[in-house]
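Residue numbers (this note's numbering), protein chains in the order written: chain A, 378 to 783; chain B, 378 to 783; chain C, 378 to 783; chain D, 378 to 783.
The reader is advised that the hints may include incorrect statements.
Pairs count within a copy or across copies, as identical chains cannot be separated in the list.
No farther apart than 25 Å at their CA atoms in a straight line, the calculated lysine to any residue pairs in the SDA-like style are these [to be verified]:
1) 536 x 462
2) 718 x 568
3) 612 x 447
4) 618 x 776
5) 783 x 434
6) 516 x 776
7) 612 x 733
8) 779 x 706
9) 718 x 579
10) 716 x 458
11) 716 x 576
12) 730 x 574
13) 381 x 489
14) 516 x 496
15) 716 x 585
16) 718 x 583
17) 622 x 727
18) 547 x 739
19) 716 x 608
20) 779 x 698
Hints were generated in silico from the structure; no laboratory data involved.
Each chain, letter by letter, is given below.
4 protein chains.
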Amino acid sequence: MTDKIVLAYSGGLDTSVAIPWLQDRGYDVIAVCLNVGQPNADMAFIQKKALQVGAIESYAIDAQDEFADTYVAPVIKANALYEGDYPLVSALSRPLIIDHLVQIAHEHGAVAIAHGSTGKGNDQVRFEAAIHALDPQLKIEDPIRDFHWSREEEIDYAKEHNVPVPIGKKSPYSIDANLWGRANEAGILENPWNQAPADAWAMSVAPEEAPDQPVFIDLTFEQGLPVAIDGKAMKLADLIKHLNKLAGENGIGRIDKIENRMVGIKSREVYEAPAAAVIMAAHHELENLTLERDVAHYKPLIEQQLATMIYEAKWITPLFDALMAFVDHTQTVVNGVVKMKLYKGNATAVARKSDTNSLYDENLATYTSADTFDQEAAAGFIKLWTLPGTVFEEVNHVHSQKPEEK
Amino acid sequence: MTDKIVLAYSGGLDTSVAIPWLQDRGYDVIAVCLNVGQPNADMAFIQKKALQVGAIESYAIDAQDEFADTYVAPVIKANALYEGDYPLVSALSRPLIIDHLVQIAHEHGAVAIAHGSTGKGNDQVRFEAAIHALDPQLKIEDPIRDFHWSREEEIDYAKEHNVPVPIGKKSPYSIDANLWGRANEAGILENPWNQAPADAWAMSVAPEEAPDQPVFIDLTFEQGLPVAIDGKAMKLADLIKHLNKLAGENGIGRIDKIENRMVGIKSREVYEAPAAAVIMAAHHELENLTLERDVAHYKPLIEQQLATMIYEAKWITPLFDALMAFVDHTQTVVNGVVKMKLYKGNATAVARKSDTNSLYDENLATYTSADTFDQEAAAGFIKLWTLPGTVFEEVNHVHSQKPEEK
Amino acid sequence: MTDKIVLAYSGGLDTSVAIPWLQDRGYDVIAVCLNVGQPNADMAFIQKKALQVGAIESYAIDAQDEFADTYVAPVIKANALYEGDYPLVSALSRPLIIDHLVQIAHEHGAVAIAHGSTGKGNDQVRFEAAIHALDPQLKIEDPIRDFHWSREEEIDYAKEHNVPVPIGKKSPYSIDANLWGRANEAGILENPWNQAPADAWAMSVAPEEAPDQPVFIDLTFEQGLPVAIDGKAMKLADLIKHLNKLAGENGIGRIDKIENRMVGIKSREVYEAPAAAVIMAAHHELENLTLERDVAHYKPLIEQQLATMIYEAKWITPLFDALMAFVDHTQTVVNGVVKMKLYKGNATAVARKSDTNSLYDENLATYTSADTFDQEAAAGFIKLWTLPGTVFEEVNHVHSQKPEEK
Amino acid sequence: MTDKIVLAYSGGLDTSVAIPWLQDRGYDVIAVCLNVGQPNADMAFIQKKALQVGAIESYAIDAQDEFADTYVAPVIKANALYEGDYPLVSALSRPLIIDHLVQIAHEHGAVAIAHGSTGKGNDQVRFEAAIHALDPQLKIEDPIRDFHWSREEEIDYAKEHNVPVPIGKKSPYSIDANLWGRANEAGILENPWNQAPADAWAMSVAPEEAPDQPVFIDLTFEQGLPVAIDGKAMKLADLIKHLNKLAGENGIGRIDKIENRMVGIKSREVYEAPAAAVIMAAHHELENLTLERDVAHYKPLIEQQLATMIYEAKWITPLFDALMAFVDHTQTVVNGVVKMKLYKGNATAVARKSDTNSLYDENLATYTSADTFDQEAAAGFIKLWTLPGTVFEEVNHVHSQKPEEK
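The shape of chain A in the complex, shown without the other chains:
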């Protein structure tokens, strides 16, 4: 009886070639393709293609809602931006994909999982970290990393094994995309002094080509997640798709940066995440209105830790869960509406309100005579607030004159 292996299948050349390659190594291959919102995902075609190139079984799974509700939602609640910039597009789909693959492996009694990552990127770590966490007994195969094909060798191998080879010139870029955004690297981008050319982008127009009139939308949040646009309720996956289109048309969501990969090298990345740019700016401003000050000042430490952990393949870990328990606790009060202006690359919060949880108190804040703030309290506050520093200077005179110098 032949050992079974479950392959993370995309329909592209690399993972198609992997099917005969894994067969050569003695496996029966079960191909699994997940729809996480990548563009042009003709799932029926992909499912069929896997069988054509030799898989014994082929799955095509629509995981868009699961992706939005279970993997994107924490990023929104945690304002998670890797290195302050990147809303963690590819890092989110990897644990979801493996979760499905391990389940299918268990159903079929498979002994191994295969993926098609290169040996110098982040994805190999994310795929394998999830496999180790969910079932460390499963063996792992990575044809792309183990077998260093040149492009020509790969095409020759494909032809020999009746794997369809795409016609035309290969894209110079290495691309990954899902509902939450698109990542692009390689090619001309590898010189960081080169500007990203027009063909590096796909989800957004250049700001210069966006409409000359701004668009305003009211984004409603409940417990930290967007639930409606202009009062119209949408489930999260649909809301993100809607915003990707609208914000992309307005030139919003482009990111171009040098980034620290987890394997220890710097890379130049070009991302697009139009919906993320709008949602995360709105969420941050609604938190400004509804989070108590100490929460607002402490949460960024947790957020940065979460963003780094998600990037660095630590989704299925007890620290991730405990940090999300903190985040979830803070989000119960993040309810309200933010008016966003979308205009030629800018996604700006221009107004915000929360009927139930606003901590802004116009009677405390006002400079008018409606003022209810106790101004007398300030003098005492200042005295004690500054007392440790004052005593320090009196003793050590780092910035101040010593008495004899006056």
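Position chains B, C and D against the provided structure of chain A, taking the given hints into account.
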């Protein structure tokens, strides 16, 4: 012999009225006005006005370079944004002003310092924290906080004491400005659901009114500070002024947010900081290129702490100095050039290079055959990187199936 | 109809004198005394005394279990030690006391709460923070702070109002005690170069006077809390009392330190917390055995924040709750037994085990041939772990020689 | 011409066997032994032995002062305890050893460095991280990791190559020691429920066997480092040796814990660090007296990061340097004397003073009439300190009753 008091003098109605008011309390008033780059600062006129309304002595000091080099520079190096948004405009000038006032107090043997802050804002804390640190023996007077004048009472008092009263309607806003930006609050802005009207802004045009063609500039940094635009060297104060104009014309630098004041209330603030928006985006991207990963991932914790401390009146403290020792140490390698695109509200880094300190290694990062990265190392790395989490799941099965469930 | 006030009543002179003083200010006084495990708490006597000196109503409430389960338990789970040393004795009882007082105030329609804290300590902040949080409409009276009696004036006032005055010399110390420990300050301790004399201590013997034979106990934890000693189950309050006696007899739990009070001054404090010393050392070591590495390395940041917040009167805040959500999440796996050796001041973990949640894997750790660790993985791990630092040195040569220097 | 390799040589069996093994691989071996204070370091004998078993050159270097001044001193200033417990004994000597080896390699034109670490411990990472940082061109050999000898095979190989084999039974433990302490693992210790037997310890007596009378010493610090005992100045290495003896005789410095190794496994470690226990307790208490509150509350975050980095082989990194710039800045004021009591396992600070930098102000802290603290300031402070939490409760009623419920 009459006690002397040194007054932080702006030339406006509040601090002009303060002069006779302090005289009534038995002081000889020494007025000091500092030019920190606020607009329309006719220093000679202000100096003379103080004498006219009763000061025994009047100073007008150009502190623009000191402000840029000593107070703005740390903000740039530390990427210091209060609550992630605000580049700390007003908080920076307060310790500089007090530093001059205390020196003048010592020269004249004055016994007190006066400032004109309201009792519910941040500035009273910043002024008085600096006074306590630099000379806790000095008494502090704050006529505005202690004597709750209505607008009408203040004007009556001014007229009685021959203080010129500005003609025309008072601005509905409460404004503070310097070289690094402009802060605006009060008036219609006090309702956070109101959009900021056109007259709330002064340093920038609306993105819609900015030119239709982008502007590109090359910003050169040495040791974390900008030193040249398009190869032309400028001292920091001049470079900031140049960028305020250029970026402001392109609709850049507007910030509209709910903010936690240090006296415990939330306020709605409208800021403009065109130069800051350009410089800080460029600086961050140059750090992406030149900072080692662990430094890049740890520095944001320090940055957030510094931003909060600067906002919260802790400039002259030993913790601030120690944290800046950390920051300064990281900046020695932040040398290079960032190409910035300025276009209708967007300030975007589109290319970056560092001849001497770039840690981006194209031969490590490339997907071409020039690759020098050791892909074999990845498998071992992944195994040990994920081992603690793997053991945790094997023992506790939080996410994974127990063996008997498979 | 007279306004009612609820007084935090201890039975001592200060809060007894407060009763007629509050009556003079026009209040009907409701006295409330809580038993939180302070020594010699004759609750019936105290309840009666309040009525004798003029209270219209008097409550005596046994809150020991509530104190242990709701206020001490988080400290154990969070390893919360203020400034690394102090297990937060007094800070814990304040929010509990106020919680009861506010409930009683609401039942009686009282308009105010009174407490008897001095104006330079932490307790005034803790009491009033809790009152503000639970009902900011309640007025607050603090006779001790507002009315600066000398000892003689207080005694005269007591005699005039038929308040019994304690016979004999007043203790030179200012003491607060509960189930979790005892705090002592003032008197000879105010000179930090003086050693604490024998009469400064009450819950423990000096190590020199402890038995010459060590005592060993097995402390069992469930979900981070101690539940049994030597296999005998006890509720938390009883377990703490048992350990206070046993560890105190063995000279354990003395703390003598300079501390930063929240009002901005340093004070010299002498604490005793025998049970805390044993429980917290055991808990930490059980976490060493059961927490995953990333959790173990991140939790101390949360712990320090919680310890500071508890000390600084932030128990009833949303940040405290969110941080405890993190901590509680980590504690589900903290189950097992720690063998503690108690000997002349030392409380030392000498053995530990967890049948269900130990992450120690002898087959991974061993240096014997049973080794299952993959030593080949280490080389790859090291290469990638050190790659960013290696590239940094290759470029910048901070520690290494430049090629031409070799 | 034969390639040269520089070997970290201890004189023991493993690194002696390494010499012929490296010769077999075609190297000329240069042996280097460093005295970092390990016990019984007969440097002349070791130097000679290396030549006898085949080294072409042999160095014996006394690095005790360098070790104390450059590697131990930062640990003291940073209160660096890995996982809160372990003062980082072995982790400190590795970068020093490599620093010397790389220098010698450059002098001799050697192409490689060899060390004798196992493949599952921390030391391999520390050695190789230092090599990569100081000269990534150098090749690395690790015979022990690469060639999995059993004990018997190793002895056979030794005999064949005329390497002296130690007579008698091998110690069941794996031990590393230097000036700063001693680490012990393996053997019976591998079961964490076993108590460490008497023969596991070498630098200290059991507390039960220590003298019945306490010893008191005055430890003087300058800029955060101990410089004198009872007023007698000593250089750091000598002071540590003196305290190792004195504190070890008093049963001080034993640590027994489960620890997270950097290769991802938990191990059980038994450490002794008598001098460290005394010095670090004294240093912490002197900081309590001399550090301003904000510094005192922030520094522990830096300290924890440094301790983890030192443990995890990140000594020669830019983040380590920047964090030490922070620490060094804080230590300028850490001057004074701490009186330590040493008694049967306890090292306790019982008195402390600083003539020049004490921030303890008896006139602020006292409860006597000498009080200069402004008690009126407290009320205002409390109001603003608690305002954000108060507003949060008024809006959200998480802990408080809603108005209608009262």
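Hint by hint, here is what the structure shows:
1. 536 x 462: Answer is neither; intra-copy 42 Å and inter-copy 55 Å both fail.
2. 718 x 568: For residue 718 and residue 568, the Cα distance is within 25 Å only across copies (18 Å; inside one copy 34 Å).
3. 612 x 447: within (13 Å within a copy, 39 Å between copies)
4. 618 x 776: neither (56 Å within a copy, 29 Å between copies)
5. 783 x 434: between (87 Å within a copy, 20 Å between copies)
6. 516 x 776: Between. Shortest inter-copy distance 19 Å satisfies the 25 Å Cα cut-off; intra-copy 63 Å does not.
7. 612 x 733: Within one copy, since 22 Å is at most 25 Å while 41 Å is not.
8. 779 x 706: Between copies, since 20 Å is at most 25 Å while 50 Å is not.
9. 718 x 579: both (22 Å within a copy, 20 Å between copies)
10. 716 x 458: both (22 Å within a copy, 23 Å between copies)
11. 716 x 576: Intra 32 Å, inter 20 Å, cutoff 25 Å: inter-copy only.
12. 730 x 574: between (40 Å within a copy, 18 Å between copies)
13. 381 x 489: Classified as within: same-chain Cα gap 7 Å, cross-chain 45 Å, threshold 25 Å.
14. 516 x 496: Classified as both: same-chain Cα gap 17 Å, cross-chain 23 Å, threshold 25 Å.
15. 716 x 585: Both: 23 Å inside a copy, 18 Å across copies.
16. 718 x 583: both (17 Å within a copy, 12 Å between copies)
17. 622 x 727: both (21 Å within a copy, 23 Å between copies)
18. 547 x 739: For residue 547 and residue 739, the Cα distance is within 25 Å only across copies (21 Å; inside one copy 59 Å).
19. 716 x 608: within (11 Å within a copy, 41 Å between copies)
20. 779 x 698: between (53 Å within a copy, 19 Å between copies)
The structure shown violates the earlier hints numbered 1, 4.
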